[in-house]
Amino acid sequence: MIGRLRGQILAKRPPQVLIDVAGVGYEVEAPLSTFYDLPAVGEEVVLITHLLVREDAHVLYGFLHEHDLALFRELLKVTGVGAKMALAILSGMDAERFALCVEKEDLTALSRLPGIGKKTAQRLVMEMKDRLAGLGGGAGSVLPARPADTPAASAEDPLADAISALTALGYKPADANRMARAAAEGAETSEEIIRAALRSVSAA
Numbered sequence: 001m002i003g004r005l006r007g008q009i010l011a012k013r014p015p016q017v018l019i020d021v022a023g024v025g026y027e028v029e030a031p032l033s034t035f036y037d038l039p040a041v042g043e044e045v046v047l048i049t050h051l052l053v054r055e056d057a058h059v060l061y062g063f064l065h066e067h068d069l070a071l072f073r074e075l076l077k078v079t080g081v082g083a084k085m086a087l088a089i090l091s092g093m094d095a096e097r098f099a100l101c102v103e104k105e106d107l108t109a110l111s112r113l114p115g116i117g118k119k120t121a122q123r124l125v126m127e128m129k130d131r132l133a134g135l136g137g138g139a140g141s142v143l144p145a146r147p148a149d150t151p152a153a154s155a156e157d158p159l160a161d162a163i164s165a166l167t168a169l170g171y172k173p174a175d176a177n178r179m180a181r182a183a184a185e186g187a188e189t190s191e192e193i194i195r196a197a198l199r200s201v202s203a204a
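Just so you know, our numbering puts 70 at position 70 of the sequence shown, and the rest follows in order with no gaps.
Hints were generated in silico from the structure; no laboratory data involved.
Straight line, CA to CA, 20 Å or less: simulated DMTMM-like cross-link-like pairs of lysine to aspartate or glutamate:
#: 1; residue 1: K104; residue 2: E74
#: 2; residue 1: K77; residue 2: E105
#: 3; residue 1: K129; residue 2: E66
#: 4; residue 1: K119; residue 2: E74
#: 5; residue 1: K119; residue 2: D130
#: 6; residue 1: K84; residue 2: E127
#: 7; residue 1: K77; residue 2: E66
#: 8; residue 1: K84; residue 2: D175
#: 9; residue 1: K77; residue 2: E103
#: 10; residue 1: K118; residue 2: E103
#: 11; residue 1: K129; residue 2: E103
#: 12; residue 1: K118; residue 2: D106
#: 13; residue 1: K84; residue 2: E27
#: 14; residue 1: K119; residue 2: E103
#: 15; residue 1: K84; residue 2: E55
#: 16; residue 1: K118; residue 2: D175
#: 17; residue 1: K118; residue 2: E105
#: 18; residue 1: K129; residue 2: E74
#: 19; residue 1: K84; residue 2: E74
#: 20; residue 1: K84; residue 2: E66
#: 21; residue 1: K129; residue 2: D106
#: 22; residue 1: K129; residue 2: E105
#: 23; residue 1: K77; residue 2: D130
#: 24; residue 1: K119; residue 2: D106
#: 25; residue 1: K119; residue 2: E105
#: 26; residue 1: K104; residue 2: E127
#: 27; residue 1: K104; residue 2: D130
#: 28; residue 1: K129; residue 2: E96
#: 29; residue 1: K77; residue 2: E127
#: 30; residue 1: K84; residue 2: D56
#: 31; residue 1: K77; residue 2: E96
#: 32; residue 1: K77; residue 2: E55
Quick caveat: nothing in here was measured; it's all calculated off a predicted structure.
Generate the whole structure from the sequences, applying the supplied hints.
See below:
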């Protein structure tokens, strides 16, 4: 089991980051709540990780904070919730915000996340209530603000990167394309487009 990585960031393309650890490149999937707080390409990062072993692949998920990893692992225990959906949940809202939605049984907010309908939202509330005692509650932003000095993930084609990231989170390609294009006005980076797109869904 790979539980921790420390190395140099080689590339960032949300929601994936490539990390060089002693000459070995690790591809790590990270929720956007983690991704926006990553240091610049070329700098060192430490991620706590969860290795998911499937028949067709070994997928590594990385987090900056223990509480995000803990929530990810608890989400995997919920009926019908896989790693992709858990990643989408943590990309759409931070752990504090999620705990608050579960506590208040806010099915509407949970249903706005990609791949989550009313029945899945009800299961999340029912199965996660008792598990969230250690995570705490309280108000939190739907998507944590990216520090001003955090660099963009990619300057090559921000719109294409944003569409790809939204699709990877579970949005249908047509919806991802529509959301990204609607959020692209005035945005210079893929991260800004993604954040605006997710906020528009949350505010709907």
